[in-house]
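Whole structure, please, built from the sequences with the hints as guidance.
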Amino acid sequence: MNWLSKPVRGLLLDITGVLYNSGEGDGVAIASSIEAVKRLQASDLKIRFVSNESSNTRAKLAAKLGRLGFEIQEEQLFTPAPAAASYLRQHGLRPHLLVHPGVQDEFAEFDMTDPNCVVMGDAEREFTYQNLNTAFQLLIKLDRPQLITLGYGKYYMETDGLKLDVGAYAKALEYACDIQSLVIGKPNAEYFSAAVADMQLTIDETVMIGDDILSDIGGAQKAGLRGVQVRTGKWRPQWENHPIVTPDGIVDNLAEAVNLLLAQNAA
Amino acid sequence: MTLKKKLAVLIDLSGTIHIEDCAIKGAIEAIGRLRANPRVRMRFVTNTTKESIGRLHSRLQKIGFDIAKHEIFTSMSAARRLVENERLRPMLLLEDVALEDFEGIDTTNPNAVVIGLAPSQFYAERMNEAFRLVLDGAKLIAIHKARYFKSADGMALGPGPFVQALEFATDTKATVVGKPESAFFHMALQSLMDEESAEEISAEDAVMIGDDARDDVQGALDAGMKAILVKTGKYRDGDERKITGDPPALDSIVDAVDYIERLIDNS
Ligand SMILES: [Mg+2]
Ligand SMILES: [Mg+2]
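Protein chains in written order, with the working numbering: chain A, 168 to 434; chain B, 32 to 298.
A couple of the hints might just be wrong.
Going by beta-carbon spacing under 7 Å, a handful of chain A positions derived as facing chain B [as the list claims (entries may be wrong)]:
# : residue
1 : Y296
2 : A339
3 : L349
A few chain A residues that face chain B, going by a derived Cβ cut-off under 7 Å, partial list only [to be verified]:
# : residue
4 : I307
5 : Y336
6 : K338
7 : W402
Derived from the structure by calculation, the hints contain no laboratory data. From the three backbone atoms N, C-alpha and C, an ideal C-beta is built for every residue, glycine too.
In structure tokens form, the structure reads like this:
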């Protein structure tokens with residue numbers, strides 16, 4: 168497969184649909200992925216787990232993955248909230264937060280009096296007219312209204328049904344204020360680049376593995392990475408001839424990708 | 032303009048015949064003159080998603096207008112008409128005060144979503160419910176798509192952003208029923224004909240009077256009607272230049288009624 172035609176020194180791994188499937192409680196681990204992650208952690212490859220999860224801090228996410236059987240360091244998790252925090256830091260911004268209470272700690276360092284931007288994540292129950300209106304009133308008062316979103320999904324599946332994701336509510340505020348939001352998360356190319364930079368590697372020596380052909384594979388390819396599709400999670404058979412995205416490799420699951428890669432690196 | 036039979040006169044409310052609780056000077060008498068004219072049929076047309084027809088009616092009566100309840104046609108009447116014509120069972124995202132306009136409509140096992148300005152309904156759980164219906168094929172009907180409105184404590188989000196959120200997440204377009212949609216003007220005319228059952232009134236035998244260049248005047252012209260812009264209410268200098276079709280722009284409803292009387296006399 169051509170994704171192995173160049174040396175690989177680092178991997179970006181999607182979490183949901185690659186390591187585990189969501190469901191009741193913590194969800195269910197994809198059994199072969201537990202062993203695969205173990206082998207990767209023992210190799211000299213660098214890894215980041217790249218997710219759009221915006222309702223948990225990295226600490227809580229690492230703990231949850233630990234309960235599912237994965238040994239993952241908090242520092243190996245790359246999620247939108249800390250990436251947004253570093254963007255805010257670089258630009259001297261004071262955020263107003265419309266995020267899930269579980270992720271607020273990632274923004275503890277910021278002065279939130281007199282905010283000059285809005286950061287929005289999947290706030291779940293916090294998505295009320297009152298909270299959206301507060302964010303709106305703040306944005307339209309600004310000379311340059313800036314809305315920063317943690318991911319931009321339309322909806323996702325929970326055990327009790329489909330839920331609107333942050334992208335839908337971001338769209339609402341974009342329409343009200345006539346602005347575009349800055350998306351921090353997949354499939355944004357800068358988000359993948361930042362994850363690669365976090366490993367101190369180059370785009371050229373890194374491969375992304377995910378289950379979402381548009382967001383994971385298409386997004387990674389736009390950033391110049393090789394993208395490998397797994398046939399787990401939200402994968403659909405008709406994606407094998409996808410009209411927009413052709414993956415650099417397709418594997419049954421994470422374990423197959425890891426087998427191929429480690430065999431190649433050993434040779 | 033030449034007139035064959037009867038003339039339908041559609042008249043905007045706020046800014047055209049009254050402002051808040053005061054009549055526009057001469058408006059009460061001007062409406063009386065129209066009513067006395069045997070060749071005129073009237074409808075009072077307005078975009079509202081908060082006030083029921085009952086409320087609008089009692090407000091107009093208090094001001095001193097001789098207007099019957101059935102002569103008022105609102106964007107909610109249009110939504111109701113659409114629901115009835117297509118035999119839909121809507122989930123109603125409306126405030127309680129607006130619900131009376133939908134009395135008698137079957138809302139069990141919904142296959143449509145009607146959305147107006149309803150802050151008390153715009154929270155995650157209820158939005159998710161609406162989202163799932165639309166994703167499953169329910170028709171999305173928006174009373175209107177205003178971005179925001181002036182409220183007592185500053186600007187506040189209108190229904191538009193919430194409609195936009197549902198449209199984005201479900202990849203659909205809402206059917207908007209208020210002014211300036213052509214369908215609104217045609218339905219208002221239809222409601223007149225239902226009453227005057229013997230008589231067909233075509234769009235060219237209808238004239239719209241309003242203070243809003245876009246929603247009232249351009250909308251009616253685009254629907255094939257005649258229109259008169261009045262320089263009261265929200266009218267701002269030069270508004271007539273934003274209209275394609277060169278309709279008369281007159282000082283107030285009083286001059287508009289004079290104009291219509293001359294029109295009838297000359298035909
Ligand atoms: Mg995934
Ligand atoms: Mg008006």
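Hints and how they fare:
no., hint, in the structure
1, Y296, "4 Å, holds"
2, A339, "4 Å, holds"
3, L349, "17 Å, violated"
4, I307, "6 Å, holds"
5, Y336, "6 Å, holds"
6, K338, "4 Å, holds"
7, W402, "21 Å, violated"
Of the numbered hints stated above, those contradicted by the structure are hints 3 and 7, listed in ascending order.
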